[in-house]
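The listed protein sequences correspond, in order, to chains A and B. Residue 163, in numbering that gives the first Met the number 0, is where the first sequence stops; the numbers in between run on with no holes. Residue 855, in numbering that gives the first Met the number 0, is where the second sequence stops; the numbers in between run on with no holes.
Calculated from the structure, these hints are not laboratory results. Careful: at least some of the hints might be erroneous.
Said to hold, decoys possible - Derived lysine-lysine pairs resembling DSSO-like cross-links, with alpha carbons at most 27 Å apart:
hint : chain 1 : residue 1 : chain 2 : residue 2
1    : B       : K430      : B       : K396
2    : A       : K121      : B       : K396
3    : B       : K814      : B       : K767
4    : B       : K734      : A       : K121
5    : A       : K38       : B       : K290
6    : B       : K430      : B       : K414
7    : B       : K814      : A       : K121
What the hints assert, rightly or not - Every beta carbon over 10 Å from chain B, so not counted as near; a handful from chain A, in silico:
hint : residue
8    : S12
9    : Q24
10   : T33
11   : D52
12   : T76
13   : A102
14   : L132
Stated by the list, open to error - Pair by pair, the computed Cβ-Cβ distance ranges are:
hint : chain 1 : residue 1 : chain 2 : residue 2 : range
15   : B       : D216      : A       : E98       : 55 to 61 Å
16   : B       : E249      : A       : S66       : 38 to 44 Å
17   : A       : E98       : B       : D260      : 28 to 34 Å
18   : B       : T851      : A       : S66       : 45 to 51 Å
19   : A       : W137      : B       : T851      : 39 to 45 Å
20   : B       : V778      : A       : W137      : 25 to 31 Å
21   : B       : D260      : A       : S66       : 38 to 44 Å
22   : A       : E128      : B       : D182      : 57 to 63 Å
23   : A       : E128      : B       : R825      : 31 to 37 Å
24   : A       : W122      : B       : A716      : 44 to 50 Å
25   : B       : F830      : A       : W137      : 53 to 59 Å
26   : A       : S66       : B       : R825      : 27 to 33 Å
27   : A       : W137      : B       : V833      : 48 to 54 Å
Glycine included, C-beta positions come from ideal geometry on N, C-alpha and C.
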Amino acid sequence: MLQKKICMLGGFSVGKTSLVRRFVQSIFSETYLTTVGVKIDKKSVVLPDKTVDLILWDLAGEDDIGSFRVSYVRGATGLVLVVDGTRAATLAAALTLRERVEAEFGAMPFVLLFNKSDLVDKWVIPDSEIDDLRQRGWQVYLTSALTGEHVDDAFLQLATMVTK
Amino acid sequence: MVEIARNVDPDYRARFEAVPTADPRMETLRQLLVGREISELSRVTELLDEPAQLATAVGGVLPSAAAQAPHAQLGEALAPAVERAVQRSIQKSPRTLTDILYPVFLPAIRKSIGEKIDQTFQSLNETLRHIFTWHGLKWRVEAWRTGASFSEVVLKHSLVYRVEHVFLINRNSGLLIAHVTADNATSEDPQLISSMLSAIQDFVKDSFNEKEQSGLDTIRFGELRLWSEVGPLATLVAVIRGNPPEELHEIFRDVLLRIHDESSEVLEQFDGDTSQLFGIEARLQTCVELKQEDTNQGFPWLVLALVLLLLVPVGAWFFFSWQSGQRWQTYVSRLEAQPGIIVAEQKIRGGQFYVAGLRDPLAVDPQALLSGTEVDPARVHAQWQSYESLEPQFVLKRLTASLAPPDTVRLSVVKDRIVAEGEATDTWIEKARAAARQLSAGGPVFDVSGVRDVSPEARAAERWQAYVSRLETQPGIIVAEQKIRDGQFYVAGLRDPLAADPQSLLSGTEVDPARVHAQWQSYQSLEPRFVLKRLAASLAPPDTVRLSVVDDRIVAEGEATDTWIDNARAAARQLSAGGPVFDVSGVRDVSPEAREAERWQAYVSRLGRQPGIVVAEQRIRDGQFYIAGLRDPLGVDPQSLLLGTRLDPARVHAQWQFYQSLEPEFVLKRLTASLAPPDTVRLTIVKDRIVAEGEATATWINRARAAAQQLAADGVAMDVSQLQELNLAELNQLKAAIQGTDIFFYSGKALPGPEQTPVLDRLAEQLKEFAQGARKSGVTARFMLTGHSDATGRETANVSISAARAEAVRALLNKRGVAPELLLVRGAGTFEPVVPENSRTGSSTNRRVSVTVNLE
Ligand SMILES: Nc1nc2c(ncn2[C@@H]2O[C@H](COP(=O)(O)OP(=O)(O)OP(=O)(O)O)[C@@H](O)[C@H]2O)c(=O)[nH]1
Ligand SMILES: [Mg+2]
């Protein structure tokens with residue numbers, strides 16, 4: 000049995016919980032119930048050479064870095080950074096959270112998800128910005144918890160990264 | 000009669016069997032005479048021969064026979080039999096008797112268990128059910144053997160629990176290392192449970208500021224308990240159904256310790272891969288095998304009821320005498336533990352208690368010990384013989400009484416020896432030594448060697464010695480000789496007149512000055528500090544010279560006139576050969592005029608360096624200082640720079656003409672005063688040019704441009720090209736959008752419905768953008784959230800719900816990142832309806848929170 004702890008990080012209401020539900024249970028719901036504290040889920044991912052159990056820690060979104068409980072991330076081997084593509088400010092929030100975590104526990108593999116890609120007309124992130132981030136060698140995905148687009152790809156990529 | 004006799008006594012029967020009964024006539028005659036009696040007799044014989052029938056018959060009359068018998072006699076007659084029966088019964092089956100005594104023991108036991116029960120979760124009924132079973136008796140034996148209280152043993156055995164799961168969790172990541180389950184116990188995904196448990200631990204730790212090592216060690220969900228033991232690398236969590244005993248913690252701790260011992264390396268490197276972990280599961284398996292089953296034995300009610308009827312009085316007597324015997328024994332053992340009391344003999348007879356022995360009169364009163372033991376003092380007969388105990392503490396008491404040691408002596412017992420320590424006069428010490436010799440052979444040693452002889456003379460001599468040695472350490476005093484004779488103290492020696500006065504050193508020493516005879520010869524000490532004092536007295540150095548001792552040399556530093564320096568050099572040469580060196584080279588030759596001129600020049604050059612001050616002319620004449628020049632009023636005041644220069648202000652004559660300096664920093668100050676730039680504009684000096692940057696209103700920018708043109712004429716460059724016009728139009732548009740937003744509510748609700756979420760999201764973004772924009776232009780934006788209600792219901796309720804709505808929106812906006820201090824709330828009730836109430840959409844449109852923007 001191989002298990003890895005993964006943390007979902009990102010601003011308030013960016014869709015962390017929705018992404019986990021889509022990935023683990025393949026369902027989506029419009030209703031928004033904010034996460035309090037932490038919610039834990041598990042999903043086994045089958046890779047070509049092995050199977051890994053991802054233990055997904057879905058943390059409460061915080062736009063205010065001050066109240067972020069960094070201790071929940073202890074022992075994690077990977078991060079899913081989630082940005083709401085319809086709110087530019089959530090990108091900064093996700094990056095700050097990552098910096099905070101790296102300062103505490105050192106660098107670790109992560110994937111960066113621009114979520115809600117189905118909301119095309121409200122989309123505010125320019126393609127150039129995404130290209131920039133990819134240039135840094137980051138794994139960036141445009142996902143939608145609603146349609147399921149690229150959700151599995153992103154988690155699979157992270158699973159490969161953390162088992163290397 | 001013969002038949003009866005036969006039946007009663009078998010021997011008799013045998014003898015009669017031998018007698019021939021052959022004569023038929025006798026038989027006939029017998030039939031005629033006593034035929035009826037014979038048949039009656041044979042019926043009775045039959046009855047007596049058949050035990051079953053006899054029992055029935057006797058049973059029929061026994062109760063009334065017993066009732067009619069005189070009570071005392073019946074009791075007397077039955078007592079031995081009953082006692083034997085009880086004895087037999089205990090030997091044969093102790094359980095029966097325990098069962099019988101149930102109601103008698105009940106109150107006493109209930110009390111003792113009650114106390115324990117508070118410490119555990121076991122129920123009283125559960126416990127009592129077990130007491131009168133076969134286990135009950137075994138447990139009593141165990142209690143007696145181990146010295147634990149009976150109720151403790153009962154609880155230990157009747158705790159019913161089962162360890163269903165054991166998790167071993169990585170402390171760092173909360174990942175599951177291993178998990179074992181008891182047979183047929185079910186659970187959710189252990190990996191998930193493991194992570195959740197560690198999240199809960201984190202949460203508790205964070206929330207209550209727990210220390211690192213400790214954590215949540217017990218959680219309870221109804222029947223289930225989660226016990227966790229935290230180790231440095233892994234946490235062991237056990238899921239237990241029922242009521243586990245405290246020792247289980249020990250077992251878990253032990254298992255965790257072993258796992259850490261055996262697998263520390265693997266645990267340390269654990270990265271979620273469990274394929275490397277051998278042996279850990281086997282260790283955990285030992286934990287899940289732990290359980291205590293509920294043996295559901297029936298209770299022998301029937302037997303109990305029967306025997307109960309017969310034996311209640313016996314039981315009561317048995318119990319009470321057992322109980323008082325028990326109490327007596329505690330009392331006796333308490334007596335035996337007392338020092339100074341020796342119990343020689345003790346017994347209980349006829350409900351009375353007897354004790355005899357020896358007792359030291361200084362020991363505690365045995366009578367006093369009785370209180371609290373519940374032994375009836377009237378039934379205690381004690382006989383004590385007085386003796387003198389040789390136990391050290393008693394000897395100590397007696398010694399204290401007879402020797403009456405002074406306050407300065409402390410008597411104590413040290414390892415069975417009596418030790419006296421402190422100070423005493425020689426007479427007391429003598430007495431103590433005599434007492435020590437007298438102490439009888441078997442007694443403790445009395446050690447007086449720790450007492451110092453402090454007779455008054457000795458004390459005075461001691462003080463004198465202290466005084467003399469203090470004198471000897473004084474610099475400039477040399478003690479040549481000292482002695483004590485006939486209570487008088489003599490001291491002689493050399494003394495530098497500058498040294499401390501030996502007489503004054505006497506104060507506080509308690510040496511009587513009248514008895515001190517001192518003879519001091521004056522001499523000049525060559526110790527540097529004395530030489531220093533003498534030099535200071537003879538040379539009278541000015542304030543500017545400092546004399547000090549450095550490494551046995553006397554050093555003079557500072558400034559002095561040349562005459563003084565010459566004097567000092569002469570003194571240095573005169574200093575006798577063996578004395579310290581006097582070094583005058585550190586004194587600069589400074590005549591007052593030269594010094595003042597130097598200071599003046601320093602002041603003038605400092606003025607010359609000041610921006611906004613131009614010195615045109617300066618000179619010194621007849622001890623007066625003159626200076627003239629230009630100064631900008633925004634520059635420093637030359638007068639204030641005089642402070643600390645040691646120049647006499649009265650002798651400084653200055654003449655300053657005001658002018659406007661064109662040095663950029665003065666221009667900048669003047670500009671700031673005249674243009675009053677908004678917070679969004681920054682004025683700086685970059686390479687002698689004044690640069691204005693930032694955003695401002697068009698009017699202000701125009702004023703700045705005009706100023707720049709004027710300055711250019713004076714030859715000062717000012718760059719206004721980097722000023723940008725404020726984008727107020729955008730803000731105004733945003734303001735309109737914000738004020739046009741309403742949050743709606745369902746009737747009677749203080750929280751907006753879920754369909755309002757996108758509205759709130761958008762509003763929050765707009766408020767943040769507006770606040771930021773306003774801050775850029777140097778103003779603060781505040782947003783008034785006004786709650787409204789429809790007209791249904793009472794007005795007071797409407798006002799409060801309207802305020803609650805405004806509060807709710809404030810909280811929701813806050814959650815979306817709008818700073819709370821920017822949000823003001825008020826409730827308007829029904830007073831500011833947006834549409835008339837009676838219109839079709841009236842009430843639903845009026846239940847809202849509206850926003851207004853205020854700029855400060
Ligand atoms: N259209 C669309 N809506 C989404 C998507 N993902 C999430 N949402 C919606 O966004 C809202 C917030 O989603 P959540 O998953 O609860 O967000 P979260 O990041 O877990 O929020 P917190 O736990 O409060 O930090 C919900 O109303 C979701 O229905 C998406 O991909 N597309
Ligand atoms: Mg959530």
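(request) Report holds if the minimum CB distance from T33(A) to chain B is greater than 10 Å, and violated otherwise. (result) Answer for T33(A): violated, closest chain B Cβ roughly 8 Å.
(request) Test the statement that D52(A) is away from the interface with chain B: the closest C-beta pair must be farther apart than 10 Å. (result) At roughly 6 Å from the nearest Cβ of chain B, D52(A) sits no farther out than 10 Å, so the non-interface label is violated.
(request) With a cut-off of 27 Å on the C-alpha distance, tell me whether K430(B) and K396(B) pass. (result) The given pair, whose Cα atoms are some 16 Å apart, holds under the 27 Å limit.
(message) If I claimed the Cβ atoms of E128(A) and D182(B) lie 57 to 63 Å apart, would that claim hold in this structure?
(response) At roughly 58 Å between Cβ atoms, D182(B) and E128(A) fall inside 57 to 63 Å, so the hint holds.
(request) Would you mind confirming whether the straight-line C-alpha gap from K430(B) to K414(B) stays at or under 27 Å? (result) holds, 23 Å
(message) Run the distance test for K38(A) versus K290(B): straight-line Cα separation, threshold 27 Å.
(response) violated, 33 Å
(request) Confirm or reject the statement that A102(A) sits farther than 10 Å, beta carbon to beta carbon, from all of chain B. (result) Label holds. Min Cβ-Cβ 17 Å, cutoff 10 Å.
(request) State, for the Cβ atoms of S66(A) and R825(B), whether the hinted interval 27 to 33 Å holds or is violated. (result) For R825(B) against S66(A), whose Cβ atoms are near 28 Å apart, the range 27 to 33 Å holds.
(message) Can you confirm whether the C-alpha distance between K734(B) and K121(A) stays at or below 27 Å?
(response) Holds, because 21 Å separates the two Cα atoms, which is no more than 27 Å.
(request) Could you let me know if the closest chain B CB is still more than 10 Å away from the CB of Q24(A)? (result) Per Cβ check, Q24(A) is outside 10 Å of chain B; nearest 13 Å; holds.
(message) Need the status of pair K814(B), K121(A): alpha-carbon distance at most 27 Å?
(response) With Cα atoms ~22 Å apart, K814(B) and K121(A) stay inside 27 Å; holds.
(request) For the range 38 to 44 Å, tell me whether the beta carbons of D260(B) and S66(A) fit it or not. (result) Given a distance of about 40 Å, which is inside 38 to 44 Å, the answer is holds.
The structure fails to meet hints 2, 5, 8, 10, 11, 12, 15, 17, 18, 20, 23 from the earlier list, while all remaining hints are met.
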